[in-house]
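With these hints in hand, go ahead and build the complete structure from the sequences.
Just so you know, the protein sequences line up as chains A and B, in that order.
Numbering follows the working numbering, in which position 371 of the first sequence is assigned residue number 371; successive positions increment by one, without gaps.
Numbering follows the working numbering, in which position 192 of the second sequence is assigned residue number 192; successive positions increment by one, without gaps.
No lab work stands behind these hints, which were simulated from the structure alone.
Hints should not be assumed to be uniformly reliable.
According to the in silico footprint, chain A covers these stretches of chain B (three or more CB under 8 Å from chain A) [what the hints assert, rightly or not]: (1) 58–65; (2) 127–141; (3) 208–222; (4) 311–320.
Far from chain B by the CB rule (all over 10 Å, computed), these chain A residues [as the list claims (entries may be wrong)]: (5) Tyr62; (6) Glu235; (7) Tyr333; (8) Asp425.
Idealized CB from N, CA, C, for every residue including glycine.
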Amino acid sequence: MSKDIRIKKGLDIKLKGIAETKVSVAPRSGIFAIQPKDFHGITPKLTVKVGAEVIVGDVLFYSKSNEQIKFTSPVSGTVTEIKRGAKRRILAVVIEAKPKDEFKNFGKKDPNSLTKEEVSASILESGCWPLINQRPYDVIANPADEAKAIFVSSFDTAPLAPNYAFTLKEQEAAFQAGIDALSKLTAGKVYLAVNESKSFFNKVQNAEIVNVTGKHPAGNVGVQISHISPINQGEKVWTVNAQDVAIIGNLFLSGEYKPNRILALAGSEVKAPQYYNVTIGQQLNSLLDGNINADNSRVISGNVLTGDKESAKNGFLGHYDNIVSVIPEGNVYRMFGWIPFIGSGSIHSASKTSFSWLFPNKEYTLNTNLNGEERALVVTGEMEKVMPIDIFPMQLLKAVIANDIEKMENLGIYEVAPEDFALIDYTSSSKIEAQAIIRGGLDLMINEVG
Amino acid sequence: MKFIRNTFDKYKPLFDKGGKLEKFAPGFNAFDTLLFVPNHTTKQGAHIRDGVDLKRVMITVVLALIPALIFGMWNVGFQHFSQLGEAGSFVDYLIYGSIKFLPMVAVSYGVGLGIEFAFGIFRGHEINEGYLVSGMLIPLIMPIDLPLWMLGVSVAFAVLIGKEAFGGTGMNILNPALVARAFAFFSYAPSMSGDKVWVADAASIDAISGETILGSLAAGKEAGYSVLDMFLGYIPGSVGETSVLMILIGAAFLLFTGIASWRIMVSATIGGAVMGLIFNSFGVNALMDFPWWQHLLVGGFAFGVVFMATDPVSAAQTDKGKWIYGFLIGFIAIMIRVFNGAYPEGMMMAILLMNVFAPTIDHYVVEGNIKRRKNRQKNNLETA
Numbered sequence: 001m002s003k004d005i006r007i008k009k010g011l012d013i014k015l016k017g018i019a020e021t022k023v024s025v026a027p028r029s030g031i032f033a034i035q036p037k038d039f040h041g042i043t044p045k046l047t048v049k050v051g052a053e054v055i056v057g058d059v060l061f062y063s064k065s066n067e068q069i070k071f072t073s074p075v076s077g078t079v080t081e082i083k084r085g086a087k088r089r090i091l092a093v094v095i096e097a098k099p100k101d102e103f104k105n106f107g108k109k110d111p112n113s114l115t116k117e118e119v120s121a122s123i124l125e126s127g128c129w130p131l132i133n134q135r136p137y138d139v140i141a142n143p144a145d146e147a148k149a150i151f152v153s154s155f156d157t158a159p160l161a162p163n164y165a166f167t168l169k170e171q172e173a174a175f176q177a178g179i180d181a182l183s184k185l186t187a188g189k190v191y192l193a194v195n196e197s198k199s200f201f202n203k204v205q206n207a208e209i210v211n212v213t214g215k216h217p218a219g220n221v222g223v224q225i226s227h228i229s230p231i232n233q234g235e236k237v238w239t240v241n242a243q244d245v246a247i248i249g250n251l252f253l254s255g256e257y258k259p260n261r262i263l264a265l266a267g268s269e270v271k272a273p274q275y276y277n278v279t280i281g282q283q284l285n286s287l288l289d290g291n292i293n294a295d296n297s298r299v300i301s302g303n304v305l306t307g308d309k310e311s312a313k314n315g316f317l318g319h320y321d322n323i324v325s326v327i328p329e330g331n332v333y334r335m336f337g338w339i340p341f342i343g344s345g346s347i348h349s350a351s352k353t354s355f356s357w358l359f360p361n362k363e364y365t366l367n368t369n370l371n372g373e374e375r376a377l378v379v380t381g382e383m384e385k386v387m388p389i390d391i392f393p394m395q396l397l398k399a400v401i402a403n404d405i406e407k408m409e410n411l412g413i414y415e416v417a418p419e420d421f422a423l424i425d426y427t428s429s430s431k432i433e434a435q436a437i438i439r440g441g442l443d444l445m446i447n448e449v450g
Numbered sequence: 001m002k003f004i005r006n007t008f009d010k011y012k013p014l015f016d017k018g019g020k021l022e023k024f025a026p027g028f029n030a031f032d033t034l035l036f037v038p039n040h041t042t043k044q045g046a047h048i049r050d051g052v053d054l055k056r057v058m059i060t061v062v063l064a065l066i067p068a069l070i071f072g073m074w075n076v077g078f079q080h081f082s083q084l085g086e087a088g089s090f091v092d093y094l095i096y097g098s099i100k101f102l103p104m105v106a107v108s109y110g111v112g113l114g115i116e117f118a119f120g121i122f123r124g125h126e127i128n129e130g131y132l133v134s135g136m137l138i139p140l141i142m143p144i145d146l147p148l149w150m151l152g153v154s155v156a157f158a159v160l161i162g163k164e165a166f167g168g169t170g171m172n173i174l175n176p177a178l179v180a181r182a183f184a185f186f187s188y189a190p191s192m193s194g195d196k197v198w199v200a201d202a203a204s205i206d207a208i209s210g211e212t213i214l215g216s217l218a219a220g221k222e223a224g225y226s227v228l229d230m231f232l233g234y235i236p237g238s239v240g241e242t243s244v245l246m247i248l249i250g251a252a253f254l255l256f257t258g259i260a261s262w263r264i265m266v267s268a269t270i271g272g273a274v275m276g277l278i279f280n281s282f283g284v285n286a287l288m289d290f291p292w293w294q295h296l297l298v299g300g301f302a303f304g305v306v307f308m309a310t311d312p313v314s315a316a317q318t319d320k321g322k323w324i325y326g327f328l329i330g331f332i333a334i335m336i337r338v339f340n341g342a343y344p345e346g347m348m349m350a351i352l353l354m355n356v357f358a359p360t361i362d363h364y365v366v367e368g369n370i371k372r373r374k375n376r377q378k379n380n381l382e383t384a
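Spelled out as structure tokens, the structure:
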């Protein structure tokens, strides 16, 4: 039995520079880094010192609040630097890589014959656990919790998004093993959202396949959860990225932590957008050097709606990112740019004050210009058009701004994550920072409610 | 263009933090950003942003007002000369109308934006674009002979008490343009109502009757104009309200660009029609007998529905709420028209009344969502 869900609200933003479906192996970068900023709410406790020799799977640090959650090295090499910021906060653990990797052996296992405890112990031990996130709060899952269900989305609808059916086509067995392992972790179901009938995802066992179609954010787990099994207060739902399911699967198949992904390098400023086989924590310059128009462009680890700005020279690939986007910076003035319909060829708008809505298939080169300044909330109804979750986004944002915890609960703060508000960042005519506001609200809830 | 940009860049440091004129930065920025969309880039959140901003939204509404505005100016001249029995050319009418009307626009923008700039500088926040629309709406809904000082005082009241007292653009409860009109209406009643104010110079020249159709009906007389006149707008009234055709052109533009809520426009029209039909079925006096669809053509109904009721700040904010809000505006507007003989234009009161109730309507709509969430939780606990 497969369910069908059609998402009607939302917005597809078509950008120039979609990755061509061919995979190259990226040159191995000299240094790698694991950056605690990728793990929201985690305070790292180091277990290595500068100069320590590590192999793949050796623990670098663990979570101060939960020692079980370990973060392991993605490469073999020497720890050369612990980068610290204000208040000695750890920014990155930097490892100089050896030319060849050695892997710590966690032992081959068949997840189907293991108990829940054994599966979670293996995942925790290897450093794969941080790949499992939880809702509410959009933080790393707590292994002691009971997850109501686990959600995996097999497709991404964000601008320039990679195609997982393509990136995982040689990882079918690993993906299946990963799903098998995840299905042990919950008393409920593993839900796998698919958007095309031909991909191998439709044949995956031990998961309930749900057909989801529609515009972005149809591929976001948050939207899928709200249509399949909405989160009630007190419940926990876990989510895993599709490619990370394969990493977990490989752990059981090979007994080794293999933090590799096929990454899309995309965007209008990339000379030859295509896929690369990369390792988590890889330095971005190994991918970007000579491959992008470096002048005045922005490198984003992640997609253009939710990713992090990174330096093209010494930035690193984020822990969860399946795409690196490069788009032009928008630090230019536009004379009378606010006149409706002026510059429709290059200005994309969800409102109809640009003719862009008449050409839904045209690919745009969008830059990082804010296209205006932040203002009070005036226009109503625009947020609801891109929010396919049964909540009132503007009312929720206002409740968060007012720190009104009871109202936030009532309006569904537990059901959302910042990424669900990314399109509101985009479409807001008042230029409000909805994702940042929601992140603040979730952090408040973690502190006050827990 | 380069030259202007360079000039701005030259003086910008004076207004930056630590500059001599730092305090006046909001004023400088208002002009700078009016000429140029600034070079600000995204610092957090989504890296790309929609081309729309508040300036674009507000300018779209102002553009939608242009047909009604130009026709209105022409009609000022046409009404004046035709009632005097003098013939004139299109240009004569338009020139006469502009001489009468443009000073009103100047006063409205001058006073309103002056206060907005002062508040922006005083409070240290950027100047919001909201008044671009209000400042155009206010002269369009006033009688043409309203003394300019009265207009100025009304604008000052609307901006200070109607808007800034609540926190400025986006925070006001009532539609500022209607606050200005209501203030003028209650403070300067002789200049705002009656049968002597709706055509230029009606008060000073006996040959001119300044009575509106609704005024005639309320007094128990015939409407005195053909339906086509009502639709095209060859009738006395405030500048913007007379031509339903021009208002519809504006409405079409607003709906095409998606700036104004079609839900409010449709539901308010339905509300007015329903009330009109109810009155028609009784038909006790001239106003009650006035065909329901003609009610939608005369007075400020069309203008109110398209440009006033759809103000997103003072309207209901939820989609369902907008249906209820709009319907009640139309319904109550016609009710006030018919029952209140002394004040035969109900649109202003109906919209202001529903502005006050909009948050309550939204509250119950949102409450429905909260209830659904709580029920889900309860059912979940029971089955578990």
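Right, here's what the structure says about each hint:
A stretch counts as covered by a chain when three or more of its residues have a beta carbon under 8 Å from one of that chain; for the region 58–65 of chain B and chain A the count is 3, and the coverage holds. For the region 127–141 of chain B, the stated coverage by chain A holds: 3 residues have a C-beta nearer than 8 Å to a C-beta of that chain, and at least 3 were required. Counting residues of the region 208–222 of chain B whose CB lies closer than 8 Å to any CB of chain A gives 0, which falls below the minimum of 3, so the coverage claim is violated. Taking a C-beta to C-beta cut-off of 8 Å, the region 311–320 of chain B contributes 6 residues in contact with chain A, enough for the three needed, and the coverage statement holds.
Separation of A:Tyr62 from chain B is adequate, the least Cβ-Cβ distance of about 29 Å exceeding the 10 Å criterion. At roughly 8 Å from the closest C-beta of chain B, the C-beta of A:Glu235 falls inside 10 Å, breaking its exclusion from the interface. The claim that A:Tyr333 lies off the interface is violated: its Cβ sits roughly 4 Å from the closest Cβ of chain B, which falls inside the 10 Å cut-off. Listed as a non-interface residue, A:Asp425 fails to keep its Cβ farther than 10 Å from every Cβ of chain B; the least gap is roughly 4 Å.
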